[in-house]
Amino acid sequence: MMTVCIFAAVTIGAVAGYLFIPESFMASVNSSTTMVLCFLVFLVGLEIGSNRAILRQVKGQGGFLIIIPICTIMGSLFGGVLSGIILRLPMNLSLSISSGLGWSSLSGVLLTQLDSAEMGAVAFLSNVFRMVLTVIFIPIIAKYLNDYTTIAPAAATSMDTTLPVISQNTRPEIVPISLLNGVLLSTLVPILVPFFYSL
Amino acid sequence: MWPILLCLGGGIVLGCVLKMSDSQRVLNGRLQFTGIMLLLFSMGISIGMNESIIFDMFKISGQAFTFAVLCTLFSVIMVYTMSSYKERRDHRR
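These protein sequence lines map, in sequence, to chains A and B. Per our numbering, the first sequence starts with residue 698, numbered consecutively. Per our numbering, the second sequence starts with residue 699, numbered consecutively.
Next up, chain A with everything else stripped away, as it sits in the complex (with noise of 0.2 Å):
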């Protein structure tokens, strides 16, 4: 359901602006997002602040919990430098593109407004696919690797919309640990992708 309107809400918009909307009015659209997308992750960073279950399951599980993440990070960045060389892309960017860790529409917006709206349509994309790919590799990578790789792909999105599929192809004790490294991507992808922009 969540990505029939981001879908909808994307396209909608794109047709909006292709057909209706004057160039004149696309000035107050760029404040206005910035204020919207200011609030949005003031709410992101109330939920987590709020979690306290996931604070109580880390305590139980060790410092493998922050591998994952770590992991899933390092590798998502050198696939982000490696497709940077093959598309000749400028390494910040591509560094940018790769730190959205699958959360597409913050991914998106966030290289609209850092870049243009080309590198936001690429971020929001790549996203998109790789929430595709999580979804039909899990049970694969659950057969033939081990759990702990499924929450590799899911990346972010590990703790709400691949989130379902991991548990249902994986042990439970596989969930908090998924939810956590949800969690701390969700809180790292608006600092990582205008830091390595920055560069």
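Derived by calculation from the structure, the hints in this document are not laboratory data. Virtual Cβ for every residue (Gly too), placed ideally from N, Cα, C. There could be a bad hint or two in this list.
What the hints assert, rightly or not - Just so you have them, the derived chain B footprint on chain A, three or more residues with Cβ under 8 Å:
#, stretch
1, 775-782
2, 816-828
3, 835-843
4, 859-870
Unchecked claim - In the DMTMM-like style, the derived pairs of lysine to aspartate or glutamate whose C-alpha atoms are separated by at most 20 Å in a straight line are:
#, chain 1, residue 1, chain 2, residue 2
5, A, K840, A, E870
6, B, K757, A, D812
7, A, K840, B, E785
8, B, K757, A, E815
9, B, K717, A, E744
10, B, K784, A, D844
11, B, K784, A, E870
To be verified - Sample of chain B residues facing chain A (criterion: CB under 10 Å; computed from the structure):
#, residue
12, G733
13, I734
14, L737
15, F739
16, S740
Since the structure of chain A is already known, use the hints to place chain B on it.
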């Protein structure tokens, strides 16, 4: 960058201090959903107003797919390497 970081940090601190009730959580979720939809709609407008993006959609999709495949692949390789090492170590114990 700084306004975003400040808003995120402020939200986390306030979330740690305040205890959110279930109804407040639901309201927060709905506000987030509305915010995301507004942002995506405005992103759609920027895409629609830029004709070169519409005509380059095939190229953009190709670039996005390259990023998606390589980022996913290397995340999987990294996590698999570390987690299989952990599992081997746990098994030996």
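Going down the list of hints, with the structure as the test:
1. With 5 residues having a beta carbon nearer than 8 Å to a beta carbon of chain B, the stretch 775-782 of chain A meets the requirement of three or more and the stated coverage holds.
2. With 11 residues carrying a beta carbon less than 8 Å from a beta carbon of chain B, the stretch 816-828 of chain A meets the three-residue requirement, and the given coverage holds.
3. Chain B is given as covering the stretch 835-843 of chain A, and this holds because 3 residues of the stretch bring a CB closer than 8 Å to a CB of that chain, at least three being needed.
4. Chain B is given as covering the stretch 859-870 of chain A, and this is violated because 0 residues of the stretch bring a CB closer than 8 Å to a CB of that chain, at least three being needed.
5. Distance hint between K840/A and E870/A is fulfilled; the C-alpha atoms sit about 17 Å from each other, no more than 20 Å.
6. A C-alpha spacing of about 18 Å is found between K757/B and D812/A, which places the hinted pair at or below 20 Å, so the restraint holds.
7. With a CA separation close to 15 Å, the supplied pair K840/A and E785/B stays within the 20 Å bound.
8. Among the hinted pairs, K757/B with E815/A is consistent with the structure: their alpha-carbon atoms are about 10 Å apart, no more than 20 Å.
9. Restraint check for K717/B and E744/A: satisfied, since their Cα atoms lie roughly 10 Å apart, inside the 20 Å limit.
10. For a cut-off of 20 Å, the pair hint linking K784/B to D844/A stands: about 12 Å separates their Cα positions.
11. Using a Cα cut-off of 20 Å, the hinted pair K784/B and E870/A holds, with the two alpha carbons roughly 15 Å apart.
12. Residue-level restraint check for G733/B holds (minimum Cβ-Cβ distance to chain A is 4 Å; threshold 10 Å).
13. Proximity of I734/B to chain A holds as hinted, the smallest CB-CB distance being about 5 Å (cut-off 10 Å).
14. For L737/B, the interface hint holds, since its Cβ comes within 10 Å of a Cβ in chain A; the closest pair sits about 5 Å apart.
15. A hinted interface residue such as F739/B counts as satisfied when its beta carbon comes closer than 10 Å to some beta carbon of chain A; here the least separation is about 4 Å, so the hint holds.
16. A hinted interface residue such as S740/B counts as satisfied when its beta carbon comes closer than 10 Å to some beta carbon of chain A; here the least separation is about 5 Å, so the hint holds.
Comparing the model with each numbered hint stated earlier shows that hint 4 is the single one that does not hold.
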